[in-house]
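Turn these sequences into a full structure, and let the hints guide you.
Under this note's numbering, the letters of the sequence shown match residues -15 to 349, in that order.
Note that these hints are calculated values from the structure, not bench results.
Don't take every hint at face value.
To be verified - Have a look at the derived ranges for each label pair, beta carbon to beta carbon: (1) Q220 to A338: 52 to 58 Å; (2) G51 to A87: 45 to 51 Å; (3) A68 to R143: 51 to 57 Å; (4) S17 to F41: 15 to 21 Å; (5) Q311 to E78: 49 to 55 Å; (6) E79 to V34: 46 to 52 Å; (7) W181 to R227: 43 to 49 Å; (8) Q220 to A87: 43 to 49 Å; (9) Q220 to R196: 34 to 40 Å.
The structure displayed is predicted, hence computed values, not measured ones.
All residues carry an ideal CB built from backbone N, CA and C; glycine is no exception.
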Amino acid sequence: MGSRLADYRRQLGTSAVAALVVLRLVIGWHFFSEGLDKLAYDPATGGYRVAFSAAGFLSQAKGPLAGLFHSQVSEHGWQELLAAPRQNRPLTEEESAAQAQWAADYARRRAAAQKASQPVPIEFPPHAPYAEWASRIAVDWRAVLNTVTNSVGLTEEQRRQAAEAFVLRHQQLADYLAAESDAIAEYRHQLWRLEQWLAAPEARGVPFQQERIAAKQAETAAMARTWVDQVDQFEQEFLVTLRQILTPEQQADAAMTAAMDSALTSPQQARLRWINLAATGLTLGVGACLLLGLFTRTAAVLGALFLMAVIATQPPWIPGTESTIYQTIELVALLVVAATAAGRWFGLDYITYALVGRRHDAADK
-15 MGSRLADYRR QLGTSAVAAL VVLRLVIGWH FFSEGLDKLA YDPATGGYRV
35 AFSAAGFLSQ AKGPLAGLFH SQVSEHGWQE LLAAPRQNRP LTEEESAAQA
85 QWAADYARRR AAAQKASQPV PIEFPPHAPY AEWASRIAVD WRAVLNTVTN
135 SVGLTEEQRR QAAEAFVLRH QQLADYLAAE SDAIAEYRHQ LWRLEQWLAA
185 PEARGVPFQQ ERIAAKQAET AAMARTWVDQ VDQFEQEFLV TLRQILTPEQ
235 QADAAMTAAM DSALTSPQQA RLRWINLAAT GLTLGVGACL LLGLFTRTAA
285 VLGALFLMAV IATQPPWIPG TESTIYQTIE LVALLVVAAT AAGRWFGLDY
335 ITYALVGRRH DAADK
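Quick look at the structure:
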């Protein structure tokens, strides 16, 4: 009986080691292949470039850390300013009078500026459902304009052209959002209804209600993307216009083109590029180390932290979030690999641990 139990323990140990090795290799291949998918061949340079953007899952983040993730994406804070629930109710007499007064004053100021051959003011109605978001966009675009005109070394004529490009896009933005005002108001009202729906006790724990909530959230998210993508197109056209202001001689000047590129890159865009590069490098590095069984514990911990960041964008206790069960399972598996140092078996960590063991033996002697 005792010998059979000992044999069983040895068999169990061998099976456990084999399972850990397979687990390490499977996770390593998953990470490595995901990293490869984030790269694309660039014929112009003959090398590979990062073709992955984390903007999608960052902008769709939910839960207590949503604001932090959203701030990493350069979309002018639309998740907080445009996607804020607001009930669409009839106006009071005072509100109607205030809106009419603002419109009359605005028209009068524009007419006076045109008559005096002065720059025509471009403003957003303070009562409009898009007012805060539009104001943020205009401020961000003006910051780009100021950076370009103050740091790139343009001539006075080029500065005038840059200012005209800003006015053109500013007016285009105002006209577009004014035309979409009713649709945006209805969108924010739908968000308000969804908020009320989520707060209702009957919305919790009922499968079909959860499905309806998820469908409504997807619908409202798609509505917002229409406006966000259009504004992004305006912005890209604005940046292209600013870049084209440079003469061929200036474009041939490496220092000037570098200054222009820097001026046209917002802090959020620079940060997002770093995130894209870090995510690609991390997945490739973790995958390669796990496949080789090299620095297995460190690689597994880094992989687990990466998955924790992914899960944090969709906390499972928040209604309407996407399922992260697969990431959670892989996270637990990585912790097992880290705890057991699975690279010691059929991995390069075997050599590392052997060298460390010899040093300890020599020190003991």
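Here is how each hint holds up against the structure:
Taken as a hint, the range 52 to 58 Å holds for the pair Q220 and A338, whose Cβ atoms sit roughly 56 Å apart. Remark: the range hint 45 to 51 Å for G51 to A87 is contradicted by a beta-carbon distance near 34 Å. A hinted range of 51 to 57 Å for the beta carbons of A68 and R143 is inconsistent with their spacing of about 36 Å. Between S17 and F41 the beta carbons are some 18 Å apart, a value that agrees with the proposed interval 15 to 21 Å.
Range check, Q311 to E78: about 52 Å between beta-carbon atoms, so the 49 to 55 Å window is met. As the Cβ distance of E79 to V34 is approximately 49 Å, the hint placing it in 46 to 52 Å holds. For the pair W181 and R227, the supplied restraint of 43 to 49 Å holds, since their beta-carbon distance comes to about 46 Å. Taking 43 to 49 Å as the suggested C-beta distance range, the pair Q220 and A87 does not conform, at roughly 31 Å.
For Q220 and R196, the hinted distance range of 34 to 40 Å is satisfied, since their beta carbons lie about 36 Å from each other.
Against the hints set out earlier in the document, violations occur for numbers 2, 3 and 8.
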